[in-house]
Structures are given as structure tokens and as C-alpha cells.
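Student: Now for the letters of each chain:
There are 2 protein chains.
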Amino acid sequence: MNTEQFKEFGYAAVNYIANYVDTMRTRSVLPDVEPGYLYDKIPDEIPETGEDWRELLKDFDEIIMPGITHWQSPRFHAFFPTGSSYPAIIGEMFSAALGIVGIHWAASPACTELEVKMMNWLGKFMNLPEELLNSSKGPGGGVIQNSASESTFLCLLAAKAKSIRRIKKLHPELNEDEISSRLIAYSSDQANSSVEKAGILGSIKMKLLKTDHDGNLNREVFLEAIKNDYNAGFFPCYMVATLGTTGICTSDPFDIIGSICKTYNMWLHIDAAYAGAALILPEYKYFLKGVEYADSFNFNPHKWLLVNFDCSALWVKDANDLANALEVSRIYLKDNCEKENTQLPEYRNWQISLGRRFRALKLWFTLRSYGKKGLQEHIRNHINLANLFHTLVENDSRFETVCPARMGLVCFRLKGDNKYTEQLHEKLMSRRNIYMIAATLNGKFILRFVVCSRLSIEADIRYAWQEIVSQADLVLSNNPCLLNGHSTNTN
Amino acid sequence: MNTEQFKEFGYAAVNYIANYVDTMRTRSVLPDVEPGYLYDKIPDEIPETGEDWRELLKDFDEIIMPGITHWQSPRFHAFFPTGSSYPAIIGEMFSAALGIVGIHWAASPACTELEVKMMNWLGKFMNLPEELLNSSKGPGGGVIQNSASESTFLCLLAAKAKSIRRIKKLHPELNEDEISSRLIAYSSDQANSSVEKAGILGSIKMKLLKTDHDGNLNREVFLEAIKNDYNAGFFPCYMVATLGTTGICTSDPFDIIGSICKTYNMWLHIDAAYAGAALILPEYKYFLKGVEYADSFNFNPHKWLLVNFDCSALWVKDANDLANALEVSRIYLKDNCEKENTQLPEYRNWQISLGRRFRALKLWFTLRSYGKKGLQEHIRNHINLANLFHTLVENDSRFETVCPARMGLVCFRLKGDNKYTEQLHEKLMSRRNIYMIAATLNGKFILRFVVCSRLSIEADIRYAWQEIVSQADLVLSNNPCLLNGHSTNTN
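Chains as they are written, first to last, in the working numbering: chain A, 1 to 491; chain B, 1001 to 1491.
Hints were generated in silico from the structure; no laboratory data involved. Any given hint might turn out to be false.
Said to hold, decoys possible - Rough simulated footprint, nothing fancy, chain A against chain B, three-plus residues with beta-carbon under 8 Å: (1) 1007-1014; (2) 1035-1042; (3) 1048-1058.
Note that the Cβ used here is the ideal one computed from N, Cα and C, for glycine as well.
Kindly generate the complete structure, drawing on both the sequences and the hints.
Tutor: Quick look at the structure:
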């Protein structure tokens, strides 16, 4: 592909994307394909000679697009949002074109320095404690990781290494392997699966603490677990608290948990993957209560802040804890910066891989393109739309919400036996007009409705509700027993 | 940014990139900036209101570009290549625009299925053993990871989990922690730093085995290490062999190492991050000798195969080994595919993170755009240019090569004391016309000249050599003692 052909392809791709976004609502949010649909549509081997870009675009349209679940559609209400926006797309394109790998400062100074600046921008906008920022005088700082999974895992490793050093001093009779095998970490049972996975990856026992009926972790439960484990010979070392759990978007009490962690010398990591973005709103500042206890804090701009995956923002109170746990030196990695510092960090020592993409670029483009006001409007819009949906559910007596609307999430169900909600979900999924996923809470089968798309407006919420009601009508008419046992919509 | 503005920005970005590529040689490959150059050029906070795209592009040009090391330049001869090509750039842009996250098949069937197909395409083209491919009937398969670091680490975890299960059967008296603390892994001392890091990440002792003067790992050294460790109570479990080491691009003898691994029930991982791409050439097929022993094989299309970072191709002989080591189940992760199989893999169980980008797209565009012939020409061109450079070095008696030209790499130095080569390197780096990095081999300070850019032609090699010679002249004229002790260029 020569430069002229690239320009033709590039313009065509830009037009294709623009049209995709503008016609998003005309598409079925879930694809209508069976497993294996793609395999026969593509030859078994690479073509002998190169193909024209028009063939690529044609096949993208005819083979790939029918197999896409439209995460950016206003009909997408599953999981949590995954960001995409026009400035982020261009940022990603520039990053691919530069083709740099930020293995150290000299590998492209702009890559490291823009990331430092962007992490400060975000941290300040979210009112995070100053000591977490690169701009502080201390050893704190921020870095872009691939995902919240990776962030949780890396901080677990840092906590592990730090704890081993600390415990070794207290118990010189124990060797490192013995200490390591007796370390234990915690989170609530509402934490994302990636927290459990972090324990597996890092060879640390991870205990999921039972939450109450509202999904909250209580002080006593946490304290009791620590004490029991201590008595059983374990060393508690790491706690992952969540701001906005995956299931029902609850949050742990950071002040209570943090104070316990401090008492027991445990690393507190806050996983705010989705909900952290709401900290850019002054009205959500109260969520920061207790954040000063955090040794690390993570949220994903690639979830709710309009930047495409991957862009996971992690701040640590002492970056040396990461570097101490991860650093490996080789002569080919030396550059002009002789001393690690958080104003000029050697980010390779803060992460799993040696290489890294220039991800700060799409963040810079997006934050500037929207500005503080635009970003706040985006988050507020989703919260308002979720509240609207919550009201619609509450006004239909056949339904019940199972918790308050939190951020962009509403959890609800048909009253009565789980099977009605299960049937409702099945019907909705088979129609593919909207996409929601299910969860369980206290034995109840629930549906999670999340406002996800940056394009979402009130009409989309009413569309979704209408779709849900239409199928609920069918479920309930097929289950007359329900009509006797429970009140029905009287409107 | 509305759709019209996106189109304007998009066209402008495409033009900018096209011009960047076409004018690559006019830029100094290394930037002329001091640490911290960027911080004062960018405000300390996000702007209150959104900015026009023209401001973004202007600042990209004026603030970012002066801080870029041009990895795609034909003057870049450092590290190993990092891919970028026109079709890959467009693929990355589409991926960002779709904004999907492939957490399971239903999250976008095309994302999983195209990846399966692309991994088969690559594996066949490289003549990898059939049992490594998804298209085989067995449990083998391929997956795209972020990096070779991650691949090495994941396979270490798989080997660890598998070994613990095996050893537990043999030694039921040992608990898992005891077994785990006695596991040990190996590679040669020429392996990439990411191999050592994998041991740190996965809490496994990693022993770097001493290589001979040519950087080769000998059978006896490996066998002796295993036997000594067994006698000391360790359980050898994992071996990382390299195809194309970072320093001087040597390769381990897979047949010898593999047969030992088989005897001792050890997992053999082959790290072919850079040099693996050469397996698409029939004349390099001999490198596959012994690959049938590999439990896993990894190479980075984002290095030498024209795809931008990240795109690291990993194949495993039994994908269940990965899933067994990593799987965590949650109801919100269930989808239509009830059974894990390598034709329809649940890739989230093959990797660290839950989410994943649609990286197969850029691979598909790139492989089709070039075709087999185009890809082979690209690799052969680099090898031929490296051979040309090797000849230029050999024909100047002041210089010596320290090993044969291997793939796109030539390692060389000024004869005599290390300080001459060190001075030469310093001079070249301060001039910033070409970029090479240094390494040490057997106490000798050497320069690594790598052909990296897809744009590289003979004139670029001659340019680089002329630049080197011009600075060598200065170094040697400043060190008259050298003239007495060693022969000089008599041409």
C-alpha cells in the first residue's frame, strides 16, 4: 500500500466510521450469527499477493460488521460502558502511525512526559490526594496500564514484596518462601473477578469477604477475618476495596477499611474501574472519604471517560514499591535518566511488559476536545438517564428495583419467582434490540441496565423500557399464576 | 467534536501521517530535547471547555513531534524493529472506532473468530507444528497477547500450575506452597530481561544459565543445572529457549533442550519475539528443528511483521493448561458458548486481563495488504541489508564484527579497547543522525546495528555506515595510541 492508497483508504475509513456512528441506532445491537459464522467466509491461508484496500474495506463491511456487538450503540446496556469518541480514535491512529514503544524516556520523551502530565490532569480533576500525583514532591505518581485487572495484580505484587521485606525484619527466622506462602489478601465478594484472578496470578491467597444484603462490606466482617487469619498464622497484606462494584455498583467504606489497613500494615488498593470517573463531578466528591488511606487507586478512562480501550489509570502513593517489585536491569535499557523519579518515571518498572503504546495521546485529545465541562456533562447525562430509567421501573408495579440507581446502573427484576426475569432476559436477548446482562443478588436473578453510549439520550431510555415492557407483557401473560400471586401493572 | 469535525480532523490526520512517512528521512531520528521539555508547554489542568481539533493537531505538531524518537525511520537501528504499516494503522483506527472489548464470544463474535483465523494464518505460514494451531483437532491454539513479556509470564504460570498438580501426585506429603517454593525455571543468560521478570511476577526462581563465548547454551550446562537443582531439592518446571536473543540474535538448540525438557517433565517455551518472523521464509525453516518439543511458542508480529504494537502471537500445545491456571468464573461472564474449545476459545481465560482489544483486525489488514510475497520480501530485504552492512564493517580493518550477521542484526565494534567504541557511540548519539544501542558480550563493548524500518533501502545503510565511519575517524584521530596498537583502514 503506497502513500496515495493509504490516503484513499484513510479517507474512506474516516467516512465509514462517521457513517457508522451516525447510523448506530439502525443496527441490531447484538449480532445475528452462530458460533463459527466467520470461518468459512475467510480463506484458510494468507493470500499469495497483496490485495487492494477496497477488498479489505468490502470484507470488513460484509464479514466483520455482521459479527460485531455494538458496544457504542445507545441500545447497549450491558456490563459497563467502554469508551470511544472521535478525538480518541484519531489519537489512537496517530499512536499507531508513530509506531513508538515507550520502553524508557529516550525511546520517545513525549510518550513518558505526556503521560505524566495527563495523569496529573486526571488526578487533579478528580480531586485525588496530592501525594498520589507525579506533580507532588514525594514518590507518588500515576501511570497508564492496560486494564484494571493488571493494576490490581501489579499492586498486589508491590504489596507482597513490601510485606515480605517488613515481615522478614519482624520474623528473621522465616525465609521468604515461608512468609510468601502465609500472606493473605482480601476483597468483598462483590469485587470484580479480576481481583480473584490477581490472587491467582500473584500466588497470594485471596479471600472474598461476605457482604450484607445490600452488598456492603461491614467493619466487623473485615476485622474478624484479619484476626482469625492472624491467629491461624497468616499475614494479611493487601485489601482491594471497590468504588462501584460490577454487580450493583456499591462502594466500600474507604475510611473504615483504610483505618483497619493502616492498623494492620496492609496495602489498600481502590478499584474504581467504572465509577471513578464520577469523581470529576463536585457532587460526588464525598466518595473520596477515606481515599487518603489508599496506597493505590485505579480507574479506567476507557470505561466511562470516552477513551477507547486500553487506558487504565493507576496512581500509587510510592512508586518505588512498584519498581522494587518489578525492576530488572539490562544494559540495553539504560538511557540518559540515571535516577528513577516520579517526574521522569521509568514506566517499564511500573508495569508487566517492557514495551508500551503511546496511550497518553488519545487521552490528551479526548480531555482537550471535551474540556472539563463536556466531560462532566457526559457523566451527568448518564446518571440522569439512569435515574429516569429507575423511575420508569418504579412506576410499573410488576417490576421492582433491587437497589437505588447508582451512577449509570439500574438493577431490577420482575417481582416473584426468578424464572419470570430469566424468561424476560431470554426474550430480550433473542430479539437483539437491546443488550443487558443478568446477575444474582441474594439469590435473586436480576437484570443490570447500564447507560453506556456517549450517544444516549432520553429517547433511547424510553425505547429500551418499551422493549422491556413489551416482553414482560408476554412473559406474564404466559405465566398466569403470576397474575394471581403478585400485583400487576394497573396503568 | 461532531461528525463533520471528525471527518475534517480525520482527513487532516491521514494527510499528516502520509506526509510524516514520506518525509521520514528529513527528521533527526533522535529528538533534541532535555528531560522535562514538555511540562511547561502544556497547562497544568484540563481546559474548562472543549477545544477545536485544529488546536490539537497544531500542538501535536509543535509539542509532541519534537519529543518523538522516530522508530519508523530508516535511520533507526536500535533495539529491534517495532512494526507499523499503512494497513495496520487503518486497522487500529477501526478497532478504536468499534470500541468493543472481547471479554467473550458474544461480546463480539468477529473479534474472537477473526483472531482464531489469523493465528491459524500465521501459524501455517510459519510452518509451526499443526498441534499448536486452533485448526487442529486437539487442545492447541493461538492467541494475541500484549507482549512477549506477558506471553512468557503466562506460560510460566501455566507450567507452574501444571507442575504443582503433577508433583502433588508424586509427593502427596508436600503441600502446594511447599511445592511452589521449590519450583525452578531456566533460560540462558542471553534471554531478554522479560524472562527474568516473568520469574519475579510469577514467584518462581529463574536461573539464567551461562552461555559460551558465542552466546550459545550448551547441553551440559543445562543438564548439570537441572541435576544440581534436583539434588538440592528443587523441581525444575519451566525452560524459556530463545529464537533470536536480544543481544546478538543467537538461538538455542530446541531439539537438544526440548529433549531434556521432555525427560524432566519441564514446560518448554520458545521466545521468538523478533526472529520468529523469519520463519515465513522457506530458507529459515531449519530453525524449526526441535520446535515439536515446545509447549508454547511466541513471536511478535508487532516487531518484524509490520503490525503496530501491541500484537504478540502466542501458541500453546494445550490451551487448557492456560485456562486451568487462570480461569475465574462469574455469572456476568457466561455466554452462549458453554464449553471451552480452541475453535471457539474463551480468550479471557488465556490472558491476564478480562478485556481485550480487537487486535486481529490490524493483523488481517496487514497480512492481506502485503500478501505472502510482500511479507517475505520485507523480511528478506532486511536480512540482505544487514548482510550489506556486515560486509561494509568487515571491509574496514579498523572495525570487527563480533558474530555473523543474524537476521537484521549486525554486532560490531572498533578493534581494541572498549573506550573507542564507547566514544564512537557517544559521538553518534550526540549527533542524532542514526540511533543504535550498545551491548556487552564477553566483556566487549559492542554496537548493535539493526535494520528496522519498512522503508529501509541500500542508500540508508550506506548513509548509516558513512555516519559511523565519519565519527570513527574522529575517535581514532583523538586516540593516536590506537594507531600504533592496531591496524587502521588502509583504503
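Student: All the hints need checking, so say for each whether the structure fits it.
Tutor: Here is what the structure says about each hint:
Three residues within the 8 Å Cβ limit are the bar, and the stretch 1007-1014 of chain B against chain A gives 6, so the coverage statement holds. Residues of the stretch 1035-1042 of chain B lying with their CB closer than 8 Å to a CB of chain A number 6, which satisfies the three-residue condition for coverage. For the stretch 1048-1058 of chain B, the stated coverage by chain A holds: 7 residues have a C-beta nearer than 8 Å to a C-beta of that chain, and at least 3 were required.
Comparing the model with each earlier hint shows no violations; every hint is respected.
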